[in-house]
Amino acid sequence: MLLLFEAILCMRLLFKRRNRIEVLRQMFVGGIKSLAVITVVASFTGMILALQTGIEMRRFGQEVYIGAAVMVSMLREMGPFMTGLILAASVGSSIAAQMGTMVVSEEIAALELMSINPVRFLVMPRLVAMAIMTPFLSFYSCIMGVVGGGIVGMTQLNVPWSAYIDNATRFAENKDLFVGMLKAFLFGIIIVIIACHQGFATTQGAVGVGNATRRTVILSFLTILIVGYMITRLFYV
Amino acid sequence: MIQLENVTKILGERRILDGVNLDVRRGETLFVVGPSGTGKSVTLKHMIRLMTPDEGRVVVDGEVVSEAAGKDLERIRDKFGVLFQGGALLEWLNVGENVALPLREKTKLTEDEIEAKVMEKLTMVGLEKDIEKFPSEISGGMRKRVGLARAIVMNPQIILYDEPTSGLDPVSSRMIDRLIDHLKNELGVTSVVVTHDLHSALSIGTRIAMLTGGKIVELATPGDFVKSQVEEVQQFLESQFITVRGEWEKKGL
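Heads up: the sequence lines are chains B and L, in that order.
Residue numbering for the first sequence follows the working numbering, beginning at 1176 and increasing consecutively.
Residue numbering for the second sequence follows the working numbering, beginning at 243 and increasing consecutively.
Source of the hints: derived by calculation from the structure; they are not laboratory data.
Among these hints, one or two may not hold up.
Claimed, not checked - Dumping the calculated EDC-like pairs for lysine to aspartate or glutamate here, alpha-carbon to alpha-carbon at most 16 Å:
hint : chain 1 : residue 1 : chain 2 : residue 2
1    : L       : K426      : L       : E270
2    : L       : K375      : L       : E339
3    : B       : K1191     : L       : E347
4    : B       : K1191     : L       : E353
5    : L       : K313      : B       : E1287
6    : L       : K313      : L       : D296
7    : L       : K321      : B       : E1287
8    : L       : K348      : L       : D320
9    : L       : K348      : B       : E1287
10   : L       : K348      : L       : E316
What the hints assert, rightly or not - Just so you have them, the derived chain B footprint on chain L, three or more residues with Cβ under 8 Å:
hint : segment
11   : 311–320
12   : 325–332
13   : 345–355
Claimed, not checked - Label pairs and their computed distance ranges (CB to CB):
hint : chain 1 : residue 1 : chain 2 : residue 2 : range
14   : B       : I1401     : L       : T349      : 44 to 50 Å
15   : B       : L1397     : L       : R346      : 35 to 41 Å
16   : L       : S378      : B       : L1397     : 31 to 37 Å
17   : L       : R299      : B       : R1408     : 49 to 55 Å
18   : L       : M361      : B       : T1378     : 37 to 43 Å
19   : L       : D314      : B       : N1349     : 49 to 55 Å
20   : L       : N397      : B       : F1203     : 32 to 38 Å
21   : B       : Y1404     : L       : E316      : 40 to 46 Å
22   : B       : R1193     : L       : T463      : 45 to 51 Å
23   : L       : E370      : B       : V1402     : 50 to 56 Å
24   : B       : I1183     : L       : P277      : 42 to 48 Å
25   : L       : N397      : B       : R1193     : 21 to 27 Å
26   : L       : E353      : B       : A1211     : 43 to 49 Å
Predicted model, so just to flag it, every value in this text is computed and none were measured.
All C-beta atoms in this analysis are idealised placements derived from N, C-alpha and C, irrespective of residue type, glycine included.
Produce the complete structure using the sequences and hints provided.
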């Protein structure tokens, strides 16, 4: 929490051009580079959701409702969760390994000695970048999931694209979108704070870097699941 | 200029430093030598408060660095430049950007002024042609020279060197020695060098401190150091095939 608080305090320095450039670089490194894997995972998740629900609904002749099932599932839960888990495994582990290696190779000590605050220099740009990129990627994963579900609907379940989309948009509410985005925003912050904290706490050389990376992924997964549940409970119960 | 007063540091269950007293004089090049794991780097880290003593205190220019915090600590640290063992270069910045980092972060110099200063320091360490290269593209010796250029770019009063010649071939080691000596002679900086390399210490050191078992067991000029009767010093000299018959002669670099 202290790390988060300090990083938030450092955000006033976003007015400096150099810091803004670093945020953009981190948005590219953490966000844009994750697009490919998110595209594949989200598309297949949508396809699986459509297929599983479609097979059951077809027994009652209601397969046209797969659009609603896929859209609502993706917006409320699957989009933010998948994005969070993918980013925790890829970006979070990468940040922890980088910070840990920087500790081991005395780069953090060198920054401190140059009176360059590592939280401002390393944590803040990643925090801002992921807080922006995770909701964007979550929304993108929802679109890809819905498209994947639509393809399965057309090819496997004989649900026309227009009916699928009409059904999907009719049942989804703005609230679903906003709650999903809120989750994704918080997941982005959780991933960066856990990864940086674990990385900075690295000891024992290469073994320590490995441990920091492993702990980052496990703690991020658990926190994302718990926070996700709590937000769902807060807004839908 | 730097005083370690009865500094004790315990890490885990090991007493790494055990009541170390050391006085670094202004303008000298003090070498701290000793076997691995005897606390040489720990001593260095206490001078810039990357570590805090469990007992005793560290004083820099009359200010107690071991108790300083915030802006006071920042001000004291501004007097120092440090060459870390591996160079501690940021891997995603190129050589020029690494050297420019403290200037960009801490000064209001224009980009042209920064570029001029960076080029001046890189020329001093003989790397002006490698300004665009990334740390992963240069050798260990070059990394140390870039680290040195970054350490001196803010014109510090004191430079700390952590194993500056470790892992380097003899030619590169002597090049680093020449740079350390040059900085002392031309810029008048005070230097503290932690090393195993007695050849460096005897060639360019003003005084040499031998640290063993967390204590300073010898502190002498190179001439007196080689004649020391302290057993640990004699063993250390013999381990590096340094024997003295008659007067020790310090040869220029």
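Against the structure, the hints come out as follows:
The straight-line distance between the Cα atoms of K426(L) and E270(L) is roughly 7 Å, inside the 16 Å bound, and the hint therefore holds. A distance of roughly 10 Å separates the Cα atoms of K375(L) and E339(L); the hinted pair therefore holds under the 16 Å criterion. Note on K1191(B) and E347(L): the hinted pairing holds, with a Cα-Cα distance of about 11 Å set against a maximum of 16 Å. Restraint check for K1191(B) and E353(L): satisfied, since their Cα atoms lie roughly 15 Å apart, inside the 16 Å limit.
With a CA separation close to 12 Å, the supplied pair K313(L) and E1287(B) stays within the 16 Å bound. Our distance criterion of 16 Å between C-alpha atoms is broken by K313(L) and D296(L), whose separation comes to about 22 Å. Between the alpha carbons of K321(L) and E1287(B) the distance comes to roughly 14 Å, so the proposed pair stays at or under 16 Å and holds. Straight-line distance between C-alpha atoms of K348(L) and D320(L) comes to about 10 Å, which keeps the hinted pair within the 16 Å bound.
A hinted pair counts as satisfied when its Cα atoms are at most 16 Å apart, and K348(L) with E1287(B) qualifies at roughly 12 Å. Distance hint between K348(L) and E316(L) is fulfilled; the C-alpha atoms sit about 11 Å from each other, no more than 16 Å. By the rule of at least three residues with a Cβ nearer than 8 Å to a Cβ of chain B, the coverage given for the segment 311–320 of chain L holds, with 3 such residues. Proximity of the segment 325–332 of chain L to chain B, defined as three or more residues with a beta carbon under 8 Å from a beta carbon of that chain, is established by the 6 residues found.
Interface restraint, the segment 345–355 of chain L with chain B: holds (3 residues with C-beta to C-beta distance below 8 Å; minimum three). The hinted range of 44 to 50 Å is satisfied by I1401(B) and T349(L), whose Cβ atoms lie roughly 45 Å apart. Take L1397(B) and R346(L): their Cβ atoms lie about 39 Å apart, and the range 35 to 41 Å holds. The supplied range of 31 to 37 Å is met by S378(L) and L1397(B), whose beta-carbon atoms lie about 35 Å from each other.
The supplied range of 49 to 55 Å is met by R299(L) and R1408(B), whose beta-carbon atoms lie about 54 Å from each other. The beta-carbon spacing between M361(L) and T1378(B), approximately 38 Å, falls within the hinted interval of 37 to 43 Å. For D314(L) and N1349(B), the Cβ-Cβ distance of about 53 Å falls inside the hinted range of 49 to 55 Å, so the restraint holds. Evaluation of the 32 to 38 Å hint for N397(L) and F1203(B) yields a pass: the beta carbon distance comes to about 36 Å.
Taking 40 to 46 Å as the suggested C-beta distance range, the pair Y1404(B) and E316(L) conforms, at roughly 44 Å. Evaluation of the 45 to 51 Å hint for R1193(B) and T463(L) yields a pass: the beta carbon distance comes to about 47 Å. Take E370(L) and V1402(B): their Cβ atoms lie about 52 Å apart, and the range 50 to 56 Å holds. In this structure the supplied range 42 to 48 Å holds for I1183(B) paired with P277(L), their Cβ-Cβ distance being about 47 Å.
At roughly 22 Å, the beta carbons of N397(L) and R1193(B) sit within the given window of 21 to 27 Å. Between E353(L) and A1211(B) the beta carbons are some 36 Å apart, a value that contradicts the proposed interval 43 to 49 Å.
Hint compliance for this structure: hints 6 and 26 are not met, and every other hint is.
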